[in-house]
Amino acid sequence: PADTRDAVQARARSAPAPVTDVAKLCVCDLLVAQCDVNCCCDPDCSADDFSLFTTCSVPVVTGDSHLCSQKAAVYSLDVEANPPERIFNLIDQVNPSIFCIHATNYKQALYLKSPEIPTPENFDRLLDEYGGATFSAEPDSWNLDTDAQSPPDANETYRYEYGVPVQTEDAFLRLPSPVVSSWCSDENPAGFLVNQATKCIRSVSVEKCDSIQALSMLFYINSSILAVPKSSQMVNITVQSVVVQSLNGMRTLLSSSDVLRLPMALGELCLNAVVGVNYHITYTDKGEIIEAAAAFVLGAISKEALSIEQSFEISFTQENAQPVPLSGNPGYVVGLPVRAGFRPQGYPFPAEFLSSKHSQLTILQSTSTQDCLAAQGARAPVLFGYNMISGCELRITAAMKCQTLAQTLLDVLKGQSFPEYVASFGNSQAQDVLDWVPITQLHISEQIISNTLQSSCQIPVSLGIEVKWTKYGSLVNPQARIVNVTATITSTTLKQLPSGREKIIPVTSSVVFTDISSPAEPGYKAWPSINIKLPFDFFYPFV
Amino acid sequence: LSSLPLQILLYVNGIYYVFYFLATLAMIIYKSQVFSYPDDFLAPDLAVLFLMAILEVPRLYLGFKGNLTEAEAPLGLSLGLTVGSVVLCVYLLLWQTHVLWADVLLNALLLVAYALESGLKVTAIAAFVS
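Protein sequences, first through last, are from chains H and Z.
Just so we're aligned: 75 in this note's numbering is position 76 of the first sequence, and the numbers increase by one with no gaps anywhere.
Just so we're aligned: 57 in this note's numbering is position 40 of the second sequence, and the numbers increase by one with no gaps anywhere.
These are computed hints drawn from the structure, not numbers from a lab.
Nothing here was measured: the structure is a model prediction, and the numbers come from that model.
Hints are not guaranteed to be accurate.
Derived SDA-like pairs: lysine to any residue, alpha-carbon spacing no greater than 25 Å straight-line [claimed, not checked]: (1) H:K106 to Z:Q50; (2) H:K106 to Z:S53; (3) H:K23 to H:R85; (4) H:K400 to H:C456; (5) H:K106 to Z:A119; (6) H:K70 to Z:T114; (7) H:K106 to Z:L111; (8) H:K112 to Z:P55; (9) H:K112 to Z:S49; (10) H:K112 to Z:V116; (11) H:K400 to H:S306; (12) H:K198 to H:W182; (13) H:K70 to Z:V51; (14) H:K106 to Z:V51; (15) H:K400 to H:I438; (16) H:K112 to Z:Q50; (17) H:K106 to Z:V107; (18) H:K494 to H:A373; (19) H:K106 to Z:Y47; (20) Z:K82 to Z:I142; (21) H:K106 to Z:L105; (22) H:K112 to Z:T114; (23) H:K70 to Z:L111; (24) H:K198 to H:S306; (25) H:K70 to Z:A119; (26) H:K70 to Z:S53; (27) H:K112 to Z:S53.
Here chain Z stands alone, though its shape is the one from the complex (with noise of 0.2 Å):
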């Protein structure tokens, strides 16, 4: 009864979420460069993004034993976790210092696969728990 298409997308969201961390890295230390970055603007999108890569351990590791052992407290867990995590990502699409269009495009993917695991959460712990 574990959940197929929720067990492809974390799989998925986890190769996705290594390049999604590198290329924000990246994109940041470009920015720094090329544009005016204070140090005091540049902390917080660092912090955020880091924070966001150490939730997201735990967050996928709960989610794929959740699926897999058919056990609904490690997927609620996650889902919390996801909120935390979807929260960081608009942080990073609206509120980051310098916002370039790679990076919305790259928020934009995670939010929407963020937003599909979530759904598909739900209707896990709805099959778990009847």
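This is chain H alone, in the form it adopts within the complex (with noise of 0.2 Å):
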């Protein structure tokens, strides 16, 4: 019926009411319907119980003291008795003070104000007023006008920070990911200067496949990027380039790629569907975006496939520059490729360095077939920290010619271009001659003492790199550059082997990192002088 559920309303509209009886009022009682540990004004405790606590935690319960006489509620253990018992007495406590408040007409003086319980009436009201991050107890005194931002001044520049999301006419430019699960989100914004590559999984029905906007290129080049956030200024995106991937795999560079296409559902195929992208933004270094390309990679669907794997990325390179991925800024960064180069032939003072994308220091892969010999030339770049071995075994038969032998080893162990030279930190620019260290190679040859004299020629058997890297920089963030770069073949005699006989030895390479930062030093600052000096004419007239 109406008149109970007003009456439930009307209960739960108000805050029960406030105790006041010192003699019922109690701070440890924290539990309910137990009893509390120390507790002496607990009601749910029994003289069982109170004979088993050693001390009162709270002594004494009393209004405001400010009053000149009140009621106090006082509790005590007597533990001489056995057992002990709680005593508790009603006292009227008097405030001495002359100041004390004799009578009040103000009750609410005394006691904290109740809240207002909110109903749909004033929810609306107490949200303005308390619903922001601060309030004061005078609400119509602040003036927080959220709604009307203050107009941007003309003269007010915006431009891209580092993290901020590259945003678009209608909202921000999305490189779709994973989130949560593997399924693709559309809503991951792209950041400004943070080069993002990531694989989601959309799913996708052949009947459908020109209906659905993510699967087409336009989605992706459709809303143009603004300059400079909040601006009006727009750089459209341009299509970089299109290469067709076959069913099996097979993917062909298309020599036109200003045609769009579009999904198209053939037969039993989706063709034109995209399967990845590639977003480049070129940006100033006034944090202004220039251009925007994107290339794409098409794929055909089958009938059977309820999803397909797509892939983004994003890369952002300055205007002017060559795009070369730092390994750091300006230190290294652990887990990223130690950049090298080398030195252009034939001039005395080299201007720059000849570093590319391409040109990093690399160590032998490991195969599966672990022949040294078979090796297709795989090999790992050196990634700064991380320590690498890796090997092969050389089968050794009579019929081979050692010195062919050495120069295959050798090929094997340091790669077809083993650079020079090693960029000193993460960044270090092609220009600045000073940044790259050389590498110093060393040759160890391990002598085998042999009874024969026949001339026995060396192989190269291991490949040592050691790295040597400082921390360099302030002690609240130091940064790791390489110093020294030791690159130490060592060979070994090859004996002759008689005919018809094998001989299999193991050939290694390894790279070591190793820290030689010396410890911090202190710096202190130079003790204050005090400089006192008396005026000058302090002793006239007697000087």
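Using the hints, put the two standalone chains together into the complex.
Printed below as a string of structure tokens:
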């Protein structure tokens, strides 16, 4: 019935009445219907419980001590009695001060204010007053007008900062990525200067393939990017290249990339479905975006496929700069490849080093065949901070010529183009000659004392690269800096084998990173000197 | 035939009232800092105190004049004003927002002084009329 509902609502609207009787107030009574330990005022405790207490945690409960005379509940434990019992006294406490409150006609002054219970009528008002991060006692005096934002000044220039989402006409530049599960979510904004690569799965069906937006090229290039946030300058996303991937995975680069290819269902296949997008954004050092290009990989979906994997990548390059990926800024970041390069020949004082994306320090990568000569030239980049060791086995027969074997092994160990210089910092530019460290090459030959006087040749069996690095810069944020790189080739003597025999020797290569940073030296400021001088004529007239 | 006790009492009352006014004002300031004293409770209390101060000046002046010149009209007016002061004093004693023990003492003393004054004024008027 309506009246009971109203009664329930009325009860719910008012907070429970505050307890003012000191005999019934108990601060330590926390457990409901259970006796709290050492709480002498707890009504749930029986005489047996009191006999186990050691002390009273709340000895006295009083009201406001400003009152001239007030009731106080005093709890104490009589430990002399056997068993110990609780003593409860209700006494009148007198405040001897002449400024004690004799009477008060404003009852709320002595108690805390009961908060307003939100009801559907006053909810909006309460939300306005208390819904913000701060509120003051006088809400009218604060003029927080969150709706009317100050209009942007004409002189204020916006620019993109690291991590800020790249804005487009309608919202943000989206880079679909897996969230929680592997399914694509289109709500991931691309951050400025944040190079990202994501892969996610999208559910498709061949019948609806031209209506699924995320499979069409238009979805990724139709909204133009704002050059700076909150501006009207637009940068169109151009199509840089289109690669068509067939069902068996073979990719073909299309010669004309200005034709927009939309997905279409052809028989049992859906062609021109977007399988990968690679954004390249060019920016200036003022934080503006000046160019945006997208490279597409279009694939075909067969009828049985219920989902395809899409991969997305975005990379930022500064204008007029070679897109060399940095391995740190400025110190090397653990896990990023060590940058290396060559000094151009014929220049007595080279102005630049030749360093590109592909010139890295690499070591031999162990393959499953484990045969050095059959290795396809697979090499792994040396990543800063990661000690690596790899190797292969060399099968020597009598018919092998030593010189060619030595050359082959040297190629296997060092690779086709072993760099001469290594970048000292992760962001060393090719123009800064002093930022590059030369690789010291050492040769150690293990001389095996042999009784035979046959001229034996040396074949390299091990390459050890030792990279010495130090911590550079401030103590709070030390940067890794490569100081010295030594490549040691250890050769061993190859004994001539009798014909028909085979020998297997292991060939290894390793990279070791050694921290040679010296401990930080504290620097102290000079003690302030006290500069006291007497005035010039202090001893006048005696001087 | 001027009443000497009345004159003494009026004189002492004047000095005591200055002390009473300053003390009560100081205590109201103290109460507003230490306790919760909202503005709509503070205003009536201050108004009563200042009204009482405004009433006190003519009351004492008329009392002096009436007693010294042996005229009953000023004394009668002074008596009327005393009634008003008594009412205000009772307000400050009982119906103030916060009544401190010092408030009780001061107001009680003032009330006693008013009561004695009123009695002496009545006898003085009776003496002057006859």
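Going down the list of hints, with the structure as the test:
1. H:K106 to Z:Q50: The hint holds at about 17 Å.
2. H:K106 to Z:S53: 10 Å, holds
3. H:K23 to H:R85: 16 Å, holds
4. H:K400 to H:C456: 10 Å, holds
5. H:K106 to Z:A119: 20 Å, holds
6. H:K70 to Z:T114: Between H:K70 and Z:T114 the Cα gap is close to 21 Å, so the pair holds against 25 Å.
7. H:K106 to Z:L111: 14 Å, holds
8. H:K112 to Z:P55: 13 Å, holds
9. H:K112 to Z:S49: Measuring from Cα to Cα gives roughly 17 Å; hence the hint holds.
10. H:K112 to Z:V116: Holds - the C-alpha atoms of Z:V116 and H:K112 are around 21 Å apart, at most 25 Å.
11. H:K400 to H:S306: 56 Å, violated
12. H:K198 to H:W182: 9 Å, holds
13. H:K70 to Z:V51: Within the cut-off at roughly 22 Å; holds.
14. H:K106 to Z:V51: 15 Å, holds
15. H:K400 to H:I438: Between H:K400 and H:I438 the Cα gap is close to 30 Å, so the pair fails against 25 Å, i.e. violated.
16. H:K112 to Z:Q50: 18 Å, holds
17. H:K106 to Z:V107: The given pair, whose Cα atoms are some 20 Å apart, holds under the 25 Å limit.
18. H:K494 to H:A373: 22 Å, holds
19. H:K106 to Z:Y47: 18 Å, holds
20. Z:K82 to Z:I142: 13 Å, holds
21. H:K106 to Z:L105: Given that 25 Å is the threshold and the Cα spacing comes to 22 Å, the pair holds.
22. H:K112 to Z:T114: Status holds; Cα separation ~17 Å.
23. H:K70 to Z:L111: Distance of about 22 Å is within 25 Å: holds.
24. H:K198 to H:S306: Status holds; Cα separation ~13 Å.
25. H:K70 to Z:A119: 21 Å, holds
26. H:K70 to Z:S53: 22 Å, holds
27. H:K112 to Z:S53: 11 Å, holds
The structure is inconsistent with the numbered hints 11 and 15, although it conforms to all the rest.
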